[in-house]
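Engineer: If you read the protein sequences in the order shown, they are chains A and B.
Under numbering that gives the first Met the number 0, the first sequence is numbered contiguously, ending at residue 371.
Under numbering that gives the first Met the number 0, the second sequence is numbered contiguously, ending at residue 371.
Treat the hints as calculated values from the structure; they're not laboratory data.
Every residue gets a Cβ at the ideal spot worked out from N, C-alpha and C, and that includes glycine.
Honestly, I wouldn't trust all of these hints.
[Unchecked claim] No more than 16 angstroms apart at the CA atoms, straight line, and that leaves these computed lysine to aspartate or glutamate pairs for EDC-like:
(1) LYS356(B) <-> GLU341(B)
(2) LYS193(A) <-> GLU249(A)
(3) LYS256(A) <-> GLU117(A)
(4) LYS356(A) <-> ASP368(B)
(5) LYS356(B) <-> ASP314(A)
(6) LYS193(B) <-> GLU239(B)
[What the hints assert, rightly or not] FRET-style restraints, in silico, Cβ to Cβ:
(7) GLU365(A) <-> ASP135(B): 52 to 60 angstroms
(8) GLY366(A) <-> ASP333(B): 55 to 63 angstroms
(9) GLY53(B) <-> GLU365(A): 41 to 49 angstroms
(10) ASP245(B) <-> ASP333(A): 51 to 59 angstroms
(11) GLU363(B) <-> GLU161(A): 46 to 54 angstroms
(12) ARG367(B) <-> GLY366(A): 33 to 41 angstroms
(13) ASP333(A) <-> ALA242(B): 57 to 65 angstroms
(14) GLU363(A) <-> SER101(B): 49 to 57 angstroms
[As the list claims (entries may be wrong)] Covered stretches of chain A, going by a simulated chain B footprint (3 or more residues, C-beta under 8 angstroms):
(15) 152-162
(16) 217-226
(17) 325-336
Protein chains: 2
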Amino acid sequence: MTSPEATSEQTGSAHSAGIEGFWAVVPAGGAGTRLWPLSRSGAPKFLHDLTGSGRTLLQQTRDRLAPLAGDRVMVVTGQAHQDAVREQLPEIAVDNVLAEPSPRDSMAAIGWAAAVLERQGAEVMGSFAADHVISDDSAFSAAVRSAVQAARGGWLATIGIEPTFASAAFGYVRHGDPLPGLDGVRSVIGFVEKPSVQVASTYLASGDYRWNAGMFVVRPGVLLDLLAEQDPRFALALRELAAEPDSLAERWPSLPKIAIDHAVAEPAAADGRVATVPGGFGWDDVGDFDSLAGLLGERAALTVLGEESRVRSSDATGLVVTGSDRLVAVVGIDDVVVVDTEDALLVTTRERAQEVKAIVAALEAEGRDDLT
Amino acid sequence: MTSPEATSEQTGSAHSAGIEGFWAVVPAGGAGTRLWPLSRSGAPKFLHDLTGSGRTLLQQTRDRLAPLAGDRVMVVTGQAHQDAVREQLPEIAVDNVLAEPSPRDSMAAIGWAAAVLERQGAEVMGSFAADHVISDDSAFSAAVRSAVQAARGGWLATIGIEPTFASAAFGYVRHGDPLPGLDGVRSVIGFVEKPSVQVASTYLASGDYRWNAGMFVVRPGVLLDLLAEQDPRFALALRELAAEPDSLAERWPSLPKIAIDHAVAEPAAADGRVATVPGGFGWDDVGDFDSLAGLLGERAALTVLGEESRVRSSDATGLVVTGSDRLVAVVGIDDVVVVDTEDALLVTTRERAQEVKAIVAALEAEGRDDLT
């Protein structure tokens with residue numbers, strides 16, 4: 000499962016158990032609403048194999064982290080999904096799957112793991128979403144190692160992905176000057192929310208902005224102390240939760256529901272406490288079917304995720320996801336998205352794929368839990 | 000089942016059993032390939048309710064003929080479909096469903112019925128396809144009565160539908176001068192195959208052409224004699240088949256496979272033996288999903304054939320046919336055609352709907368009888 004790191008790095012030779020003292024935290028949450036009906040509340044995005052590789056997104060995330068963290072992997076997921084998570088990652092120790100009673104966004108999820116790891120004496124932790132697709136594991140590893148080195152120095156380090164186009168779908172991290180003694184690492188001036196395409200173009204032109212992939216590498220104690228500067232009660236609650244695991248059901252509902260970006264990263268950047276390392280690897284958060292289509296195939300083709308023999312087409316391009324036994328025939332339509340599952344079918348286009356959220360919202364309003 | 004004719008007609012008062020001596024022949028064949036996967040070889044088009052009326056196309060055809068022919072209805076269908084036909088039309092006598100061992104096109108089908116009816120002494124017969132959709136039954140009845148009157152005089156009469164646009168999808172009948180003594184009836188100069196849209200426009204502009212709906216009204220003996228002028232062996236074989244019903248399996252395979260239009264109507268028109276009456280009713284051969292979509296709804300809407308509660312849409316127009324239990328969601332796509340059945344799904348557009356034939360041909364070539 001673990002493999003020695005092939006590239007050179009500055010922290011010493013590769014260890015068959017990865018970077019010493021480094022823990023990977025994998026938040027496995029998110030409904031994946033824009034990937035309905037493939038993604039359901041009962042079986043969200045990270046539990047699916049969206050690349051046709053034979054490994055689910057969650058499993059691919061764990062695979063990618065193995066050379067860096069060995070068995071030091073902690074998954075944070077919803078209680079409804081813990082069984083599926085354990086089934087997909089049988090090698091992860093029981094105690095290393097934290098099961099949230101309800102969704103409280105990323106600060107609580109990552110912060111809880113940080114508090115547990117702090118008690119265990121973990122040196123550095125890195126947070127890596129369970130449902131992103133990354134190519135070039137070697138470049139990924141190099142970026143993580145660089146971030147770990149910065150984290151050891153007390154920084155809240157984040158990996159900034161080299162942007163390949165002026166995307167309006169991602170947040171950006173704006174970097175400043177290089178940090179002395181940390182090769183390739185720069186200070187962070189701030190984070191920006193998803194910009195317009197126009198503004199994103201200026202970002203790319205300036206060369207000072209990268210995509211914020213939400214990958215934070217930091218000492219657990221530093222993370223919680225930074226949180227404490229903004230919300231001391233929240234940080235304390237998380238530390239107490241780690242000290243008293245049985246208090247989960249009682250404490251959890253009162254934890255603030257806030258993203259780590261807002262809770263810690265943005266204020267810390269304003270205080271000059273954040274560093275960024277460049278991520279020169281392919282990265283996709285596979286947010287919707289348009290994104291998935293682009294990931295899996297060429298625009299001039301009809302890509303199939305699933306059993307190809309079940310699909311027949313004539314002059315059609317786009318994406319077909321086959322999830323039932325039906326034959327799917329697509330004729331004379333470009334950039335189509337057809338998602339065929341046993342109990343629900345979606346037909347849309349790549350351009351409009353995001354709007355499936357409206358359908359899911361309507362079904363939820365109708366109480367159709369069986370479908371959402 | 001029969002109802003008195005409400006409109007005035009020239010042949011005398013309406014009879015509760017329809018037009019005396021008049022038999023309706025209903026050829027129920029045709030694979031309906033362009034309506035796959037709704038239409039299958041095992042359950043072709045005419046067995047389906049395509050108008051959402053609760054009655055299938057076959058049943059609607061029979062209903063329409065009841066005021067004109069009473070119980071004097073003969074259905075010609077494939078052996079594979081005779082059980083379904085009898086089930087849908089339980090009131091039709093056993094002997095009045097002729098079951099073809101194999102498809103031999105329309106001359107054999109209609110000619111066989113003609114030969115049987117000739118032996119029975121039927122006065123006049125009319126042939127009406129099982130899978131067309133007609134509106135305004137009153138105008139239909141009036142046209143048929145007019146055609147029967149011409150047929151009594153020895154003519155091969157055909158109903159020409161007033162064209163509403165320059166369709167390239169139908170054949171046309173070109174009429175000449177009015178026939179003396181037969182109100183509204185004209186001679187037929189000839190038949191033309193499906194023209195280009197450009198040529199069709201000139202037809203409409205001239206006012207001398209109507210759509211050929213393939214509805215022929217004629218004395219059975221006249222039809223067979225006209226056939227005998229072109230192909231005496233064929234006419235003889237049909238008459239011998241009617242005389243010796245047990246010879247069906249033996250005779251059938253050697254019958255020519257030819258449409259009645261080519262076998263009789265065109266040569267008879269050249270010989271001045273064909274008359275046409277105007278059909279001022281809505282008529283659609285529902286050849287493909289584009290046609291069906293136009294029949295069922297407005298272009299600016301998403302029309303559902305099937306269970307509406309199973310369809311969710313956002314900013315979509317076109318046609319959804321629901322034939323399974325699952326939810327169908329259509330988002331941001333215009334003029335779409337989605338045909339959802341238990342074992343096959345079609346996604347196309349109204350404009351390209353005809354091309355489903357290529358998919359069916361491919362499946363047939365692969366031997367996928369289970370699907371076609």
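Engineer: Would you check chain B against the segment 325-336 of chain A, counting CB to CB pairs closer than 8 angstroms, and say if three or more residues qualify?
Structural biologist: Holds: 9 residues of the segment 325-336 of chain A have a Cβ under 8 angstroms from chain B.
Engineer: Are the Cα positions of LYS356(B) and GLU341(B) separated by 16 angstroms at most?
Structural biologist: The hint is violated at about 19 angstroms.
Engineer: Just to be sure I understand the hint, the distance between the Cβ atoms of GLU363(B) and GLU161(A) should be within 46 to 54 angstroms; is that true here?
Structural biologist: Check passed, 51 angstroms falls within 46 to 54 angstroms.
Engineer: Determine whether the Cβ-Cβ distance between ASP333(A) and ALA242(B) falls within the hinted range of 57 to 65 angstroms.
Structural biologist: This hint holds: roughly 59 angstroms between Cβ atoms.
Engineer: Would the hint linking LYS356(B) and ASP314(A) be met if the CA-CA limit is 16 angstroms?
Structural biologist: holds, 13 angstroms
Engineer: Taking a Cβ-to-Cβ distance below 8 angstroms as contact, does the segment 217-226 of chain A have at least three residues touching chain B?
Structural biologist: violated (count 0)
Engineer: Taken at face value, is the distance from the CA of GLU117(A) to the CA of LYS256(A) at most 16 angstroms?
Structural biologist: violated, 22 angstroms
Engineer: Taking 52 to 60 angstroms as the stated bounds, is the beta-carbon spacing between GLU365(A) and ASP135(B) within them?
Structural biologist: Roughly 40 angstroms apart at Cβ, these two residues miss the hinted range, so it is violated.
Engineer: At the C-beta level, are GLY366(A) and ASP333(B) separated by a distance inside 55 to 63 angstroms?
Structural biologist: Violated - the Cβ-Cβ distance for GLY366(A) and ASP333(B), about 30 angstroms, lies outside 55 to 63 angstroms.
Engineer: Just to be sure I understand the hint, the distance between the Cβ atoms of GLU363(A) and SER101(B) should be within 49 to 57 angstroms; is that true here?
Structural biologist: Roughly 54 angstroms apart at Cβ, these two residues keep to the hinted range, so it holds.
Engineer: Do the alpha carbons of LYS193(A) and GLU249(A) lie within 16 angstroms of each other, as the hint requires?
Structural biologist: violated, 35 angstroms
Engineer: LYS356(A) and ASP368(B) were given as a pair; does the straight-line alpha-carbon distance stay at or below 16 angstroms?
Structural biologist: violated, 38 angstroms
Against the hints set out earlier in the document, violations occur for numbers 1, 2, 3, 4, 6, 7, 8, 9, 15 and 16.
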